[in-house]
Amino acid sequence: MDIVRRWFRDVPVTTGITAAMLAVWLVCAFQARSITATGGAPLARAWMLWGPEFLSGLGPLRALGFMFVHMDASHVVLNGLMTLFIGREIERAYGSGVFAAAWLVSGLGSALAVLMLDPLAPTGGASGAVYGLMAVLVGLAAKNKADLRAPLALVGVNIVYTLIAANVSLWGHLGGLAAGAVVALLLAARRPGVRRAGLVTALVAVVAALAGYVITGGY
Numbered sequence: 003m004d005i006v007r008r009w010f011r012d013v014p015v016t017t018g019i020t021a022a023m024l025a026v027w028l029v030c031a032f033q034a035r036s037i038t039a040t041g042g043a044p045l046a047r048a049w050m051l052w053g054p055e056f057l058s059g060l061g062p063l064r065a066l067g068f069m070f071v072h073m074d075a076s077h078v079v080l081n082g083l084m085t086l087f088i089g090r091e092i093e094r095a096y097g098s099g100v101f102a103a104a105w106l107v108s109g110l111g112s113a114l115a116v117l118m119l120d121p122l123a124p125t126g127g128a129s130g131a132v133y134g135l136m137a138v139l140v141g142l143a144a145k146n147k148a149d150l151r152a153p154l155a156l157v158g159v160n161i162v163y164t165l166i167a168a169n170v171s172l173w174g175h176l177g178g179l180a181a182g183a184v185v186a187l188l189l190a191a192r193r194p195g196v197r198r199a200g201l202v203t204a205l206v207a208v209v210a211a212l213a214g215y216v217i218t219g220g221y
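If you're matching positions, the sequence shown starts at 3 in this note's numbering and goes up one per residue.
Derived by calculation from the structure, the hints in this document are not laboratory data. Only a predicted model underlies this, so the values are computations on that prediction, with no experimental measurement involved. Wrong hints could be hidden among the right ones.
Per label pair, the in silico range of CB-to-CB distance [what the hints assert, rightly or not]:
(1) 24 <-> 48: 11 to 21 angstroms
(2) 35 <-> 199: 41 to 51 angstroms
(3) 206 <-> 7: 30 to 40 angstroms
(4) 10 <-> 58: 31 to 41 angstroms
(5) 48 <-> 14: 25 to 35 angstroms
Even for Gly, the Cβ is constructed at its ideal location relative to N, Cα and C.
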């Protein structure tokens with residue numbers, strides 16, 4: 003438990019998001035009586051991102067909830083580990099508030115891309131947000147004048163995986179990556195105030211776009 007406390011003390015938002023992913027998956031696994039097919043659990047179905055359900059009632063909350071829904075044990079483990087280790091670097095460098103905003107912009111940007119380009123494909127998982135974090139990690143390395151080969155290779159390998167793997171949300175991944183690239187550009191500003199204002203603007207813009215999707219009944 004000491005290591006968990008250290009992580010919460012060191013990077014509370016990263017650790018909290020990862021813990022929430024695991025908690026939601028455990029509930030889904032209990033409901034589905036399975037660790038290999040948790041996407042059919044009642045909670046997963048209620049939170050899954052799906053265009054027709056997004057347009058009514060509390061459906062818009064799926065743009066946030068879908069990031070915590072995972073299809074099986076390997077899915078939540080992979081996204082959890084990626085969130086932990088990439089998120090730790092970003093949260094340490096920029097602070098918890100900036101990291102939280104980066105994660106939200108990336109995840110909501112992923113949701114927007116799915117709704118606009120593949121709305122009839124039920125989608126779940128934090129992969130879009132993770133892809134956004136990978137883009138922010140590249141920006142952080144560039145800002146620190148560090149070797150870009152490792153973060154760029156990470157992005158490249160995951161893009162190839164997205165293009166060749168089955169049952170993967172292409173637009174969710176690419177939408178998250180694009181949103182993360184925007185965040186990375188905003189974080190390149192030298193003045194903290196400019197960075198914060200840019201992130202707030204980006205977050206408001208993506209929420210407004212999602213609201214527009216609801217108001218117009220889908221694009």
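Okay, the hints, checked on the actual structure:
Between residue 24 and residue 48 the C-beta distance comes to about 18 angstroms, which sits within the given range of 11 to 21 angstroms. Between residue 35 and residue 199, the C-beta spacing of about 48 angstroms keeps the proposed range 41 to 51 angstroms intact. Between residue 206 and residue 7 the CB atoms are about 35 angstroms apart, so this pair conforms to the stated range of 30 to 40 angstroms. The hinted range of 31 to 41 angstroms is satisfied by residue 10 and residue 58, whose Cβ atoms lie roughly 37 angstroms apart.
Restraint check, residue 48 to residue 14: a C-beta distance of roughly 27 angstroms satisfies the suggested window 25 to 35 angstroms.
Hint check: no violations occur; every hint is consistent with the structure.
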